[in-house]
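Colleague: Keeping the supplied structure of chain D fixed, place chain V upon it in accordance with the hints.
What follows is the residue order along each chain.
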Amino acid sequence: MSEPETGRYLYAVCRGLDPAVVREVTALYAAPLELVAHQDLAAVVSTVPMAVFGEEALRRNLEDMTWLEDVVRLHDDVVRAVAVRAPTAPMRLATVCFDDAAVRARLRAMYIDLSHVLDRVEGCSEWSVKVLAPPDELAEAQVAAAAPSSGADYLRRKQTEARRRATRDDSAADAAARIHDELARLSRASRRLPPQDPRLSGLRGTMVLNAAFLVPDADRASFATLLDQLRADGGEVVVDARGPWPPYSFAMLDAR
Amino acid sequence: MTPERTPARDLAPVALVDLLDRLLGTGVVVAGDVVVSLAGVDLVEIRLQLLISSVRARMEPSS
Numbered sequence: 000m001s002e003p004e005t006g007r008y009l010y011a012v013c014r015g016l017d018p019a020v021v022r023e024v025t026a027l028y029a030a031p032l033e034l035v036a037h038q039d040l041a042a043v044v045s046t047v048p049m050a051v052f053g054e055e056a057l058r059r060n061l062e063d064m065t066w067l068e069d070v071v072r073l074h075d076d077v078v079r080a081v082a083v084r085a086p087t088a089p090m091r092l093a094t095v096c097f098d099d100a101a102v103r104a105r106l107r108a109m110y111i112d113l114s115h116v117l118d119r120v121e122g123c124s125e126w127s128v129k130v131l132a133p134p135d136e137l138a139e140a141q142v143a144a145a146a147p148s149s150g151a152d153y154l155r156r157k158q159t160e161a162r163r164r165a166t167r168d169d170s171a172a173d174a175a176a177r178i179h180d181e182l183a184r185l186s187r188a189s190r191r192l193p194p195q196d197p198r199l200s201g202l203r204g205t206m207v208l209n210a211a212f213l214v215p216d217a218d219r220a221s222f223a224t225l226l227d228q229l230r231a232d233g234g235e236v237v238v239d240a241r242g243p244w245p246p247y248s249f250a251m252l253d254a255r
Numbered sequence: 000m001t002p003e004r005t006p007a008r009d010l011a012p013v014a015l016v017d018l019l020d021r022l023l024g025t026g027v028v029v030a031g032d033v034v035v036s037l038a039g040v041d042l043v044e045i046r047l048q049l050l051i052s053s054v055r056a057r058m059e060p061s062s
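Chains D and V are the protein sequences, given in the same order. The numbering of the first sequence is numbering that gives the first Met the number 0, which starts it at 0 and goes up by one. The numbering of the second sequence is numbering that gives the first Met the number 0, which starts it at 0 and goes up by one.
Don't read these hints as lab results, they were simulated from the structure. Please read these numbers as outputs of a predicted model, since none were measured by experiment. Mixed in with the good hints, there may be bad ones.
[To be verified] Okay, the calculated beta carbon distance ranges per label pair:
#1 V:Ala-14 x D:Ser-170: 24 to 30 Å
#2 V:Pro-12 x D:Ala-145: 30 to 36 Å
#3 D:Thr-166 x V:Ala-11: 52 to 58 Å
#4 V:Ala-11 x D:Glu-55: 34 to 40 Å
#5 V:Ala-11 x D:Pro-18: 22 to 28 Å
#6 V:Pro-12 x D:Arg-162: 41 to 47 Å
#7 V:Ala-14 x D:Ala-223: 18 to 24 Å
#8 D:Asn-60 x V:Ala-14: 32 to 38 Å
[Said to hold, decoys possible] Just so you have them, the derived chain V footprint on chain D, three or more residues with Cβ under 8 Å:
#9 74-88
#10 239-246
Positions of the beta carbon are idealized from the N, C-alpha and C atoms, including for glycine.
This is chain V alone, in the form it adopts within the complex:
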């Protein structure tokens, strides 16, 4: 399943790396009766692994 996008209206676009910095690293964190919260996951590790592997994939010549 691919989420479908709605185009943004105002404000300047944010680069993916800056969004990841912000959406994984900051933002309101709620706890308690929330089913899923990323607060318990080691996000920095996941994020770096993801980004580095993605960058490597992009740098390698496509087959």
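For reference, chain D alone in the conformation it holds in the complex:
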């Protein structure tokens, strides 16, 4: 079977979205944004060329950082445009169906799971909280310190340094765990993501926590207050909090 020339790109699935909202938004490749409805659900879609999004082409394009960044940003623009108006389950990047019938079949097949996801995220936003242990300045200073006077001196220094480092790592990990647990108690859901490389995050120090919290919009003020309190009690660690975001980390269908 030959590949069709166009496909339907899925950005998100919403519940009870006013169709007028998508008319104001331009989709990938300047195509109109459209809805494919099934009962109270609507898939937010646009037509994309398979010469760009076909399996082979996609693999190639994913290696092109400029292309990837444009698509990721535009996907995000569409998701946030609908997420401010209706409960929204964002789709993973580059989910493309043959046609509207295939989109509708997916909505029908996943109806119960999608409804659960939408129940979970309704009235909530995602907050990103990263905890960073500051750069180890003492260790850096010791690298520059005078050479050991003997082999025994060297070993002694090495043991002291290892103990100091272990204590430091433990206390940062403890602080991260405490911050995570406290914030999770105020959240509807929470997730840990892999820590990011400082070259990618642009944040100084060692990331000891990269977490996402699904916070009811009604609880934003208490979440912010708790964050301030945790920052004050955090000791050496730095807390980087961002939001509100669309519920990207909380749209997974369970056990699939």
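Modeller: Just chain V now, kept in the frame of chain D:
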């Protein structure tokens, strides 16, 4: 071809690295009669390769 953007209205902006973490690592994954889904691609590997090479490119002095 470059996709054209529409400016966002509400919600706070998300950094690219955080978007990649989320859009490649999570989100609803559909399977079956979907033509293209990234579920079958080793995304973590692609993502890291991409990001690392992009960061390296940015750190190197432009010629």
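Colleague: Would you mind marking each hint as holding or not holding in the structure?
Modeller: Now for the hints, and whether the structure bears them out:
Between Ala-14 of chain V and Ser-170 of chain D the Cβ separation comes to about 28 Å, which falls inside the hinted range of 24 to 30 Å. Taking the beta carbon of each, Pro-12 of chain V and Ala-145 of chain D are about 48 Å apart, not inside 30 to 36 Å as hinted. The hinted window of 52 to 58 Å between Thr-166 of chain D and Ala-11 of chain V is violated, with their beta carbons roughly 36 Å apart. For the hinted restraint 34 to 40 Å between Ala-11 of chain V and Glu-55 of chain D, the CB-CB distance of approximately 36 Å keeps it satisfied.
For the hinted restraint 22 to 28 Å between Ala-11 of chain V and Pro-18 of chain D, the CB-CB distance of approximately 26 Å keeps it satisfied. For Pro-12 of chain V and Arg-162 of chain D, the hinted distance range of 41 to 47 Å is satisfied, since their beta carbons lie about 43 Å from each other. Checking the proposed 18 to 24 Å range against Ala-14 of chain V and Ala-223 of chain D shows it holds: the Cβ atoms sit about 20 Å from each other. Range check, Asn-60 of chain D to Ala-14 of chain V: Cβ separation about 22 Å, and the 32 to 38 Å hint is violated.
Counting residues of the segment 74-88 of chain D whose beta-carbon sits less than 8 Å from any beta-carbon of chain V gives 9, enough to reach three: the coverage restraint holds. Counting residues of the segment 239-246 of chain D whose C-beta lies closer than 8 Å to any C-beta of chain V gives 5; at least three are required, and the coverage claim holds.
When held up to the earlier numbered hints, the structure conflicts with 2, 3 and 8 and fits the remainder.
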